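Letter 163 of the sequence shown, counting from 1, is numbered 163 in the UniProt record's numbering, and no numbers are missing.
Treat the hints as calculated values from the structure; they're not laboratory data.
Misleading hints may appear alongside valid ones.
What follows is a list of derived Cβ distance ranges for each label pair [said to hold, decoys possible]:
no., residue 1, residue 2, range
1, Gln104, Arg298, 22 to 28 Å
2, Thr292, Glu113, 25 to 31 Å
3, Leu70, Glu223, 41 to 47 Å
4, Arg69, Lys247, 38 to 44 Å
5, Lys247, Lys49, 32 to 38 Å
6, Arg298, Leu70, 38 to 44 Å
Bear in mind the structure is a predicted one, so any value in this text is a computation, not a measurement.
Each residue gets a CB set at the ideal place from its N, CA and C atoms; glycine is no exception.
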Amino acid sequence: MSNTTEDSCAASVAKGNKTATVKAECSENRTEVDAFIGQLSLDPAEEYKTNNKRRGLALIFNQERFFWRLGMSDRHGTNADRYNLERRLKELNFDVNVYENYKQEEVWNKIYEASEADHSDADCFLLIFLSHGEQDHVFAYDGKISIPDITSMFKGDKCKSLVGKPKIFVLQACRGDKHDDPVTPACDDVDSELKTNEVVVDASAIHTLPAGADFIMCYSVAEGYYSHRETINGSWYIQDLCDVLHKFGSSLEFTELLTLVNRKVSMRSVGNCNDRSAIGKKQVPCFASMLTKKLYFRQKK
């Protein structure tokens, strides 16, 4: 506590000869707080407990088609993402449930069921949404789904069996209307291989959102930019996330794994696209971590 704060603390209640007593109490309180903080022992290597019976539930909402009134294009290639994710997550011992082209009410029902389920014997929880996006929403078949409303259902006061456990949300959707221009790197040690199928974008924008302790929000692209999806192979982000999960999912710490995914996606550029102005454009994913320990998905015995 600064001298200014100390003086104001004493002055706020000081009346005549009480000043010295109150000032001493403020000083004593400051010393006790500082001493308590100093006694805290933080182990930088501490990990989340992952020796529970189950790895945990993984929900995948795969939205390829949309009600015509929304004016949303079909998301060709998303089924490749769904297949790859389901395969890789099962390799990591997740209990995977896939929901295809669900309407708003159906999505909410499944999310509510998951929030009410007993996760006491699970390591974590994972939810993935493959869709178009807009501001702080993603789209179900017939309308918007609020991302803050989704995450709020898994906070400690709503889902007590997930308190202190990682809650992972992966959002494959556009987060703006800008293309990321290429910048020549200082070295040429970059994978120059380009995909040959057509590249399109997931329409509209999503904003980065805070969620709470032990949450991690994984986004296919930084805020304000297009997220690219190939019409045959699927989205860049999910392709590379699945590849890295396959190679390092059981050995690499999760935020380090996501950083590797960022690097891998950033090496791509748009090759074959109907929008000529998009040729050569780039993409960089991002994640917002509120995790408080290291997270590993080591193979269960």
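Here's how the hints hold up against the structure:
Between glutamine 104 and arginine 298 the C-beta distance comes to about 37 Å, which lies outside the given range of 22 to 28 Å. Restraint check, threonine 292 to glutamate 113: a C-beta distance of roughly 27 Å satisfies the suggested window 25 to 31 Å. Between leucine 70 and glutamate 223, the C-beta spacing of about 22 Å breaks the proposed range 41 to 47 Å. Here the CB-CB span from arginine 69 to lysine 247 is close to 42 Å, well matched to the stated 38 to 44 Å.
Look at lysine 247 against lysine 49: about 25 Å separates their beta carbons, and that is not inside 32 to 38 Å. Between arginine 298 and leucine 70 the beta carbons are some 42 Å apart, a value that agrees with the proposed interval 38 to 44 Å.
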